[in-house]
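Student: Read off the chains here:
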Amino acid sequence: DQQVKQNSPSLSVQEGRISILNCDYTNSMFDYFLWYKKYPAEGPTFLISISSIKDKNEDGRFTVFLNKSAKHLSLHIVPSQPGDSAVYFCAASAFNNDMRFGAGTRLTVKP
Amino acid sequence: KAGVTQTPRYLIKTRGQQVTLSCSPISGHRSVSWYQQTPGQGLQFLFEYFSETQRNKGNFPGRFSGRQFSNSRSEMNVSTLELGDSALYLCASRDVRGGEKLFFGSGTQLSVL
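Residue numbers (the working numbering), protein chains in the order written: chain A, 1 to 111; chain B, 112 to 224.
If we strip away everything but chain A, and leave its shape as in the complex, we get (with noise of 0.2 Å):
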């Protein structure tokens, strides 16, 4: 069953403006989100994350967004840089329990 839903498989967007990625979770246990980046031939690499009492939380360049009546997600990254090209996964865990993640979006930014 898939608990965490990324539904747009790829992205493409240009340099200097906002990438946005969209989660969807249908577990309502979940109480922390994640985000993660993956290039290939290595392994994720955390970006950012966000626990239910929030509803926004920003590092530099990256915002994660929650809206836990919709049970959706997403994150923000502005301005968009070509480095920024990798696979996104979101990921939610309950408390005591695995993390789930979603299937990936590849985003690419060009330059």
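For the record, the hints were derived by calculation from the structure and aren't laboratory data. Ideal Cβ positions, reconstructed from N, Cα and C, are used throughout, including at glycine.
Facing chain A, from chain B, some residues (calculated, C-beta under 10 Å): (1) Phe156; (2) Leu213; (3) Phe214.
Lysine-lysine pairs mimicking DSSO-like chemistry, simulated, CA-CA at most 30 Å apart: (4) B:Lys212 <-> A:Lys54; (5) A:Lys37 <-> B:Lys212; (6) A:Lys56 <-> B:Lys212; (7) A:Lys71 <-> B:Lys212; (8) A:Lys71 <-> B:Lys168; (9) A:Lys68 <-> B:Lys168; (10) A:Lys68 <-> B:Lys212.
The hints should help you fit chain B onto chain A, whose structure is shown.
Tutor: Frame of chain A; chain B shown alone:
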């Protein structure tokens, strides 16, 4: 600190064989999780070990098993390999005192012919 180390990096096996993958977590991390990554499916959770005990298990057949040693190193075993087992297998460790963040290794790319 050294990161999560997975060996081997690549493996080629034939159907019916078995395989063992190894993972050394970050020093001090006692939780180790395993994930399978296939194109279009994202990361599918296999299992998590903490203090040598399996804490959580995903929806994989019994051919997939794992264990954790007293030094927190973990191994994953797949018996009677099938073509569909071809995937990137990722290991991740976590400091349970430091929240939910997982630290991943580079993975083992398994090809079953």
